[in-house]
Amino acid sequence: MTGNDIVDLATASAGSNWKRRGFLEKLFTPQEQQYIHTAALPEEMVWKLWSMKESTYKIYTRQYGGRFFAPLKFNCTIVDESNGTVNINNIVYQTTSFLTENYIYSTAKPVAVKDTCISNHCFRIPDLQQINQQEFIYKKLITCYTEMTQVEKTGLLIIKNEAAVPFLYCEKDKSTIPVSITHHGNYAGFTIN
Amino acid sequence: MNTEELMESLKTIVKPYIKSEEGFKNMTADSDFLNDLKINSANLIDVILDIENEFDIVIDNTSMEKMLTVGSAIEIITTKLGEK
Chain V
1 MTGNDIVDLA
11 TASAGSNWKR
21 RGFLEKLFTP
31 QEQQYIHTAA
41 LPEEMVWKLW
51 SMKESTYKIY
61 TRQYGGRFFA
71 PLKFNCTIVD
81 ESNGTVNINN
91 IVYQTTSFLT
101 ENYIYSTAKP
111 VAVKDTCISN
121 HCFRIPDLQQ
131 INQQEFIYKK
141 LITCYTEMTQ
151 VEKTGLLIIK
161 NEAAVPFLYC
171 EKDKSTIPVS
181 ITHHGNYAGF
191 TIN
Chain E
1 MNTEELMESL
11 KTIVKPYIKS
21 EEGFKNMTAD
31 SDFLNDLKIN
41 SANLIDVILD
51 IENEFDIVID
61 NTSMEKMLTV
71 GSAIEIITTK
81 LGEK
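Line by line, the protein sequences give chains V and E.
Note that our numbering numbers the first sequence so that position 159 is 159, with each residue one more than the last.
Note that our numbering numbers the second sequence so that position 5 is 5, with each residue one more than the last.
One or more hints might be untrue.
Stated by the list, open to error - Straight-line alpha carbon distances no greater than 25 Å define the calculated BS3-like cross-link-like pairs of lysine-lysine that follow:
hint	chain 1	residue 1	chain 2	residue 2
1	V	26	E	25
2	E	19	V	139
3	E	38	E	11
4	V	19	E	25
5	E	66	E	15
6	V	114	V	153
7	V	19	E	38
8	V	140	E	19
9	E	19	V	160
10	E	80	E	66
11	V	174	V	139
12	V	140	E	15
13	V	153	V	139
14	V	160	E	80
15	E	19	V	26
16	E	80	E	15
17	E	38	E	66
18	E	15	E	25
What the hints contain is simulated information worked out from the structure, not anything from laboratory work.
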């Protein structure tokens, strides 16, 4: 299973002042702050680490349930430009980050579990109202799934459980497929398991 | 400060970060910062820092973990103000 997270760099830059007093200390461990302060592009490192934590949070809460806001519990280690690990409560996740000038997209999967991700996409979404953007992403996910599996589109929908964890639901056989969806600014991504 | 006054202060604090006008209009103690008010998770830190500044309190990591709804924020602020 996989969790994902995307950061639209323009939106992040406009919406968050990471240099604000207390901001880094509340989000990042001393080791992570070190990564940021020594990075060639500190702001890019801020959002890369953040997307590593967020993508791991998504898969961790899918596996173990619960909801909480504890960014410091997710300890990031940078392996190389695109690979990293995140440790939470001694459970280790492997992360892959994809950087462009417009966005950073990270996915996280538990090291100890066989990877079952069958599809992983990120893309730009048109300038629409928030609700329509969501519809756009859901349609794209469903289309992607039907093209891969040749199942009919009708009766497929995205549902969320009480903890807001999303699934692709098939009305026909009442099956559910874990999916991870991320959306920020003008960019979005999904994984299908 | 009573709960009603706290609620008004909180509304002023969260307003710059909300992405759902509908959720903001109907904001109650049950409102979820992320799911109902559609506040971006990185901006949740701004909300927490703004709360710290506004009330001159420190929100420790354990309290921050529960900061997911308006009600839990009010509870945490009340506790921290009581400790002063």
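query: Checking against the hints above, which ones are violated?
result: 1, 4, 6, 12 and 14
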